[in-house]
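Trainee: Sequence:
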Amino acid sequence: MPPRISVQSSLKALTGSTYGSSPLSNSINTSIRAASSKVQVRRKHDPFLMAQARQRKAANVSRQQVLTEERESSLGDPVKSQPTPFILEMTAIQTNPHIPSSLAGDLNYYLKSNELDAALNFSKDLTAPLKNPDRTTADPQVEKEAMNLHNQEHKNAQEAINRIVNLNNGNTKDRVRLNITKCIETFGRHYTDSKLPSKPSGVVHESAPVHPERAPRVGPDTGSAEVQAAILTVKIMNLSRHLETANKDKHNKRNLQLLVHKRAKLLQYVRKKERGGPRWQNLMETLGLSDAAWKGEIAI
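Take the sequence shown: its letters are residues 1 to 300, numbered as in the UniProt record's numbering.
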């Protein structure tokens, strides 16, 4: 009787162990990778396949443009503001190298025109030459010359001070600081509380606690959500104007994205807190913002 040979052991001897990788499978994988690399090289050099890829890319770009236009038409631009009077004034201060005549009263270093005039008049009176109390020995000609010299020196000092505080001689940082001051004056609660009606009140239950009245506000309001949203709008306008000519400035582009998202959170908070009341409407209309500035996902 001939000896019996196991078929399984013979297959193991030919193909290797069933638990490990066989040389045949390794060669198949290598040939597949080589074939795929050859296909990629052929695609790069095949003009027909390259034309197809360009057509697909052009179709995707055109579709993205259509979707962007539809989104902007329905919601608006999340970054730019409509040209309201307040925004036009901010833009004129930021971009115009020479301040218009309507804004000539705006001074640098947080100064007001009336405060500067009062300080100059006080300094003029303080440094005026004293008259001789003994009029019998006084020389009118000497007193007149001293007064003329004093007036000339005061005129020179006044001209020098006006040049220093003139916003036309300031930089972008000074202009942004002036815009921030205007935002505080326009949207601060110390100003809007007397101009705007209160938000619609909710139904108060009988068991609700009675809170004491708040103390009156002292000084300008710099921390309310409306003021902070307006200040962020000024900074966003400054950065977006810079990125129009410096489109490769990735650092400031990321800063712009952070500012836009922070403003969106503040706007959502104001809308929720004011229940869409007059304060919310005044903020959105004055800043010229659309629903895209706070609604939905913001992509820049």
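Please keep in mind that the hints were generated in silico from the structure rather than gathered at the bench. The structure displayed is predicted, hence computed values, not measured ones. Warning: the hint list may mix true and false statements.
For each label pair, taking beta carbons as the anchor points, the in silico distance ranges come out as [stated by the list, open to error]:
hint: 1; residue 1: ASN247; residue 2: ARG56; range: 37 to 43 Å
hint: 2; residue 1: LYS124; residue 2: GLN82; range: 42 to 48 Å
hint: 3; residue 1: LYS272; residue 2: PRO47; range: 55 to 61 Å
hint: 4; residue 1: PRO220; residue 2: THR127; range: 43 to 49 Å
hint: 5; residue 1: LYS265; residue 2: ASP193; range: 20 to 26 Å
hint: 6; residue 1: ALA53; residue 2: LYS265; range: 19 to 25 Å
hint: 7; residue 1: GLN64; residue 2: SER37; range: 14 to 20 Å
hint: 8; residue 1: ASN252; residue 2: GLU115; range: 42 to 48 Å
hint: 9; residue 1: SER113; residue 2: THR136; range: 41 to 47 Å
hint: 10; residue 1: TYR269; residue 2: GLN82; range: 53 to 59 Å
hint: 11; residue 1: ALA119; residue 2: GLU70; range: 54 to 60 Å
BS3-like mimics (lysine-lysine), calculated; alpha carbons at most 30 Å apart, straight line [said to hold, decoys possible]:
hint: 12; residue 1: LYS262; residue 2: LYS295
hint: 13; residue 1: LYS273; residue 2: LYS199
hint: 14; residue 1: LYS272; residue 2: LYS248
hint: 15; residue 1: LYS199; residue 2: LYS124
hint: 16; residue 1: LYS38; residue 2: LYS182
hint: 17; residue 1: LYS199; residue 2: LYS155
hint: 18; residue 1: LYS273; residue 2: LYS248
hint: 19; residue 1: LYS124; residue 2: LYS80
hint: 20; residue 1: LYS235; residue 2: LYS272
hint: 21; residue 1: LYS199; residue 2: LYS144
hint: 22; residue 1: LYS155; residue 2: LYS80
hint: 23; residue 1: LYS250; residue 2: LYS273
hint: 24; residue 1: LYS38; residue 2: LYS195
hint: 25; residue 1: LYS199; residue 2: LYS262
hint: 26; residue 1: LYS57; residue 2: LYS182
hint: 27; residue 1: LYS173; residue 2: LYS250
All C-beta atoms in this analysis are idealised placements derived from N, C-alpha and C, irrespective of residue type, glycine included.
Trainee: Look at each hint and say if it fits the structure.
Mentor: Verification of the hints:
In this structure the hint that ASN247 and ARG56 lie 37 to 43 Å apart at CB is violated, the actual value being about 26 Å. Between LYS124 and GLN82 the beta carbons are some 46 Å apart, a value that agrees with the proposed interval 42 to 48 Å. At roughly 58 Å, the beta carbons of LYS272 and PRO47 sit within the given window of 55 to 61 Å. Distance hint check: the CB atoms of PRO220 and THR127 are about 33 Å apart, inconsistent with the given range 43 to 49 Å.
Against the hinted window of 20 to 26 Å, the Cβ-Cβ separation of LYS265 and ASP193 comes to about 24 Å, which satisfies the hint. Look at ALA53 against LYS265: about 41 Å separates their beta carbons, and that is not inside 19 to 25 Å. A C-beta distance of roughly 31 Å is found between GLN64 and SER37, which places it outside the suggested range of 14 to 20 Å. Between ASN252 and GLU115 the Cβ separation comes to about 35 Å, which falls outside the hinted range of 42 to 48 Å.
About 44 Å separates the C-beta atoms of SER113 and THR136, a value consistent with the hinted range of 41 to 47 Å. Between TYR269 and GLN82 the C-beta distance comes to about 22 Å, which lies outside the given range of 53 to 59 Å. The supplied range of 54 to 60 Å is met by ALA119 and GLU70, whose beta-carbon atoms lie about 57 Å from each other. With a CA separation close to 13 Å, the supplied pair LYS262 and LYS295 stays within the 30 Å bound.
With a C-alpha separation of about 9 Å, the suggested pair LYS273 and LYS199 falls inside the 30 Å cut-off, and the hint holds. Of the pairs offered as hints, the one joining LYS272 and LYS248 is violated, with about 37 Å between alpha carbons and a cut-off of 30 Å exceeded. Of the pairs offered as hints, the one joining LYS199 and LYS124 is violated, with about 50 Å between alpha carbons and a cut-off of 30 Å exceeded. Pair hint LYS38 plus LYS182 does not hold up; C-alpha atoms about 65 Å apart against a cutoff of 30 Å.
This hinted pair does not check out: LYS199 and LYS155 have alpha carbons roughly 52 Å apart, beyond 30 Å. Annotation: proposed proximity of LYS273 to LYS248 is violated, straight-line Cα distance about 39 Å (limit 30 Å). For a cut-off of 30 Å, the pair hint linking LYS124 to LYS80 is broken: about 47 Å separates their Cα positions. A threshold of 30 Å between alpha carbons decides the hint, and for LYS235 with LYS272 the separation of about 24 Å falls inside it, so the pair holds.
Our distance criterion of 30 Å between C-alpha atoms is broken by LYS199 and LYS144, whose separation comes to about 65 Å. Taking the CA atoms of LYS155 and LYS80, the gap is near 45 Å; set against the 30 Å cutoff, the hint is violated. Between LYS250 and LYS273 the alpha-carbon distance is near 35 Å, which puts this suggested pair outside the 30 Å criterion. The straight-line distance between the Cα atoms of LYS38 and LYS195 is roughly 74 Å, outside the 30 Å bound, and the hint therefore fails.
With a CA separation close to 24 Å, the supplied pair LYS199 and LYS262 stays within the 30 Å bound. Restraint check for LYS57 and LYS182: not satisfied, since their Cα atoms lie roughly 47 Å apart, outside the 30 Å limit. Distance restraint check for LYS173 and LYS250: the Cα-Cα separation of roughly 21 Å lies within the 30 Å cut-off, and the hinted pair is therefore satisfied.
Checked against the numbered hints listed earlier, the structure breaks hints 1, 4, 6, 7, 8, 10, 14, 15, 16, 17, 18, 19, 21, 22, 23, 24 and 26; every other hint is satisfied.
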